[in-house]
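Can you make the complete structure from the sequences, with help from the hints?
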Amino acid sequence: MSQAAWRNISIGVSGFIVLGLGALVIANPGKIFFSWTFFFEVLIGGLLAGTLYSLVALGFVLIFKASGVFNFAQGAMTLFAALSLVRLIEITNSILLSMALTVVIMMALAYVIERLVLRPLVNQDVIIMFMATIGMTFLIDGFGQLVWGSDVYPLNLGIPQDPFEVQGVLLNQFDLVAGAVAALLVAVLAVFFQKTRIGRALRAVADDNQAALSVGIPLRHIWFIVWTVSGLVALVAGIMWGTKSGVQFSLALIALKALPVLILGGLTSIPGAIIGGLIVGAGEKLAEVFIGPLFGGAIENWFAYVLALLFLLFRPQGLFGEKIIERV
Amino acid sequence: MTQAAPLLSIQNIEVIYDHVILVLKGVSLDVPAGGIVAILGANGAGKSTTLKSISNLLQSERGDVTKGDIRFRGERINGLSPSELVVKGVIQVMEGRHCFPHLTVEENLLAGAYTRTDGAAAIATDIELVYRYFPRLKERRESLTGYISGGEQQMCAIGRALMARPKLILLDEPSMGLAPQLVEEIFEIVKRLNREEGVSFLLAEQNTTMALKYATYGYILENGRVVMDGDAATLRENEDVKEFYLGLSAGGRKSYRDTKHYRRRKRWLA
Numbered sequence: 001m002s003q004a005a006w007r008n009i010s011i012g013v014s015g016f017i018v019l020g021l022g023a024l025v026i027a028n029p030g031k032i033f034f035s036w037t038f039f040f041e042v043l044i045g046g047l048l049a050g051t052l053y054s055l056v057a058l059g060f061v062l063i064f065k066a067s068g069v070f071n072f073a074q075g076a077m078t079l080f081a082a083l084s085l086v087r088l089i090e091i092t093n094s095i096l097l098s099m100a101l102t103v104v105i106m107m108a109l110a111y112v113i114e115r116l117v118l119r120p121l122v123n124q125d126v127i128i129m130f131m132a133t134i135g136m137t138f139l140i141d142g143f144g145q146l147v148w149g150s151d152v153y154p155l156n157l158g159i160p161q162d163p164f165e166v167q168g169v170l171l172n173q174f175d176l177v178a179g180a181v182a183a184l185l186v187a188v189l190a191v192f193f194q195k196t197r198i199g200r201a202l203r204a205v206a207d208d209n210q211a212a213l214s215v216g217i218p219l220r221h222i223w224f225i226v227w228t229v230s231g232l233v234a235l236v237a238g239i240m241w242g243t244k245s246g247v248q249f250s251l252a253l254i255a256l257k258a259l260p261v262l263i264l265g266g267l268t269s270i271p272g273a274i275i276g277g278l279i280v281g282a283g284e285k286l287a288e289v290f291i292g293p294l295f296g297g298a299i300e301n302w303f304a305y306v307l308a309l310l311f312l313l314f315r316p317q318g319l320f321g322e323k324i325i326e327r328v
Numbered sequence: 001m002t003q004a005a006p007l008l009s010i011q012n013i014e015v016i017y018d019h020v021i022l023v024l025k026g027v028s029l030d031v032p033a034g035g036i037v038a039i040l041g042a043n044g045a046g047k048s049t050t051l052k053s054i055s056n057l058l059q060s061e062r063g064d065v066t067k068g069d070i071r072f073r074g075e076r077i078n079g080l081s082p083s084e085l086v087v088k089g090v091i092q093v094m095e096g097r098h099c100f101p102h103l104t105v106e107e108n109l110l111a112g113a114y115t116r117t118d119g120a121a122a123i124a125t126d127i128e129l130v131y132r133y134f135p136r137l138k139e140r141r142e143s144l145t146g147y148i149s150g151g152e153q154q155m156c157a158i159g160r161a162l163m164a165r166p167k168l169i170l171l172d173e174p175s176m177g178l179a180p181q182l183v184e185e186i187f188e189i190v191k192r193l194n195r196e197e198g199v200s201f202l203l204a205e206q207n208t209t210m211a212l213k214y215a216t217y218g219y220i221l222e223n224g225r226v227v228m229d230g231d232a233a234t235l236r237e238n239e240d241v242k243e244f245y246l247g248l249s250a251g252g253r254k255s256y257r258d259t260k261h262y263r264r265r266k267r268w269l270a
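For the protein sequence lines, the chains are A and B, in the order given.
Here this note's numbering is used: the first residue of the first sequence is 1, the next is one more, and so on.
Here this note's numbering is used: the first residue of the second sequence is 1, the next is one more, and so on.
Hints were generated in silico from the structure; no laboratory data involved.
Wrong hints could be hidden among the right ones.
A few chain B residues that face chain A, going by a derived Cβ cut-off under 10 Å, partial list only [unchecked claim]: (1) Ser55; (2) Ser81; (3) Leu85; (4) Ile91; (5) Arg97; (6) Asn108; (7) Ala111; (8) Ala161.
Which residues of chain B face chain A? A partial, calculated answer using Cβ under 7 Å [as the list claims (entries may be wrong)]: (9) Ser60; (10) Gln92; (11) His98; (12) Glu107; (13) Leu110; (14) Tyr114.
What follows is a set of in silico ranges between Cβ atoms, one per label pair, in the way DEER data are often shown [what the hints assert, rightly or not]: (15) B/Ala33 <-> A/Gln124: 37 to 47 Å; (16) A/Thr196 <-> B/Ala33: 34 to 44 Å; (17) B/Glu128 <-> A/Val306: 48 to 58 Å.
The model shown is predicted, which means the values in this text are computed figures rather than measured ones.
No residue lacks a Cβ here, since even glycine has one placed at the ideal position from N, Cα and C.
Now the structure itself:
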């Protein structure tokens, strides 16, 4: 079938969904409680929760940009980083020292991955690399729990968690901190990618690794650097999620929540990961509160995937993904 | 060749892909300092493989130099990584341009200077130098190279290689997919770079006419072996080269049947 036909069908289907939702809302007055203050409270809570998704998605984007590999193990790396940090704090009793050690551990992990997985698989199909990262997921999950234990560990770095009120809207201090951290991280990464020599080389490798090799950019260093950076992003994400809900195995599964974020924002865009995270975070909270009752609730868990599906139909490269350059 | 010490000297190399496919069966060639040397031959003759075995881009394609010596300024360079070779002054411009499509022209040039350690000022000077040779690149400096024309991409790829301050550029099929006029323009610039900047070139070309017009020396490859070599002028006048590669023949027009017959009778290979 032609592309145009698909397009029409998908427009039809989504129109149908929107109309259906509208009808449901009109047919069920009184089931949904609505006030603007409440709306903003939900919206802001959702946006800030979304920054946590963004943090996870960011790790994916970094590796995908630089090596064209979709790193399924990002969630496992997040768990591993958080676990290492928590247990090291228990052992050393010093947050700063533990942070430093965890950074070293993530660098070592990046080195091992480059040496044992990426290097032997150089120039293989992306699907093979993807399969390799699935294998790594299990390995890192298992190794992490073997070394550090598999209980739920509370993580407290002294980030304030108290709620407070602005203009009648209830906010959580922790969410604000998470937002600020995400913003800072993005700013730093943006400067790194756009302005520095290494950042430029990373983008060059992402574009065409053969050509990068030919001008003398050593792929091995670049891969080590990019896996280290995304290991550090995983650490930040792990800290945030761990503080919010304790360091536990389910942390590895948030990687799945990052998938719709990536589809929305585009696999290759750092701002896309952030905005995708915000949209997913806000969208899922708003949907849960204001549309959820019509379906009997609990739509928060799948709403993001429906959103992602719609994006795949209309804008497969995501909001900010690199345009697929085609010259005619 | 009569020069004392060639810049690049390949002795009897053999290349095997995937441990089984023998692609080069004992190729030897020399590039004198300051020369433009052409490797000619049909598709699959081993031209690109020869260049890639020098720049060691072969490694990432599962190819291996299993025999022979590659020497650059007298030093054996077999098995060095591409980035080590770029630092030494050997750089390849790949077939099909291979610019970084989502980087601007200027960022492409800067990426080409990745291995340099002599500071931003020197690099900026060299960007201006590249723009002097390729004024069109200056006009397009802010454009993504994915969107510029094929000729401009080829210029960008050559300019990017220049940014590494190479002594020898391995130029793979620069004429590919370009209009004849543009090919001529690019070869003119190659010649100027050779004369004014002292960069030597080893180029692989299917466009034999153009290559022999600009090169000083040529090697003809067939099935992974050098079957003939000589000064460009000598090769241009050689009857076999005329017949097979330049599409000319002494006896005026011939029918294809005669040509085939002739080819069957006389091969360079035993």
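Here is how each hint holds up against the structure:
1. Ser55: 7 Å, holds
2. Ser81: Holds, about 7 Å.
3. Leu85: 8 Å, holds
4. Ile91: Hint holds; B/Ile91 Cβ to chain A Cβ min 7 Å, cut 10 Å.
5. Arg97: Check passed: Cβ of B/Arg97 comes within 9 Å of chain A, closer than 10 Å.
6. Asn108: 8 Å, holds
7. Ala111: With a closest approach of 4 Å, the B/Ala111 hint holds.
8. Ala161: Holds, because the Cβ-Cβ distance from B/Ala161 to chain A comes to roughly 7 Å (cut-off 10 Å).
9. Ser60: Since the shortest Cβ distance to chain A is 5 Å, the answer is holds.
10. Gln92: Holds, because the Cβ-Cβ distance from B/Gln92 to chain A comes to roughly 5 Å (cut-off 7 Å).
11. His98: Holds: closest Cβ of chain A sits about 4 Å from B/His98, inside 7 Å.
12. Glu107: Holds - the Cβ of B/Glu107 comes within 7 Å of chain A, reaching about 6 Å at its closest.
13. Leu110: Where the cut-off is 7 Å and the nearest Cβ of chain A is about 6 Å from B/Leu110, the hint holds.
14. Tyr114: At 5 Å from the nearest chain A Cβ, B/Tyr114 passes the 7 Å test, so the hint holds.
15. B/Ala33 <-> A/Gln124: 37 to 47 Å: About 39 Å separates the Cβ atoms of B/Ala33 and A/Gln124, which means 37 to 47 Å holds.
16. A/Thr196 <-> B/Ala33: 34 to 44 Å: 36 Å, holds
17. B/Glu128 <-> A/Val306: 48 to 58 Å: Holds - the Cβ-Cβ distance for B/Glu128 and A/Val306, about 54 Å, lies within 48 to 58 Å.
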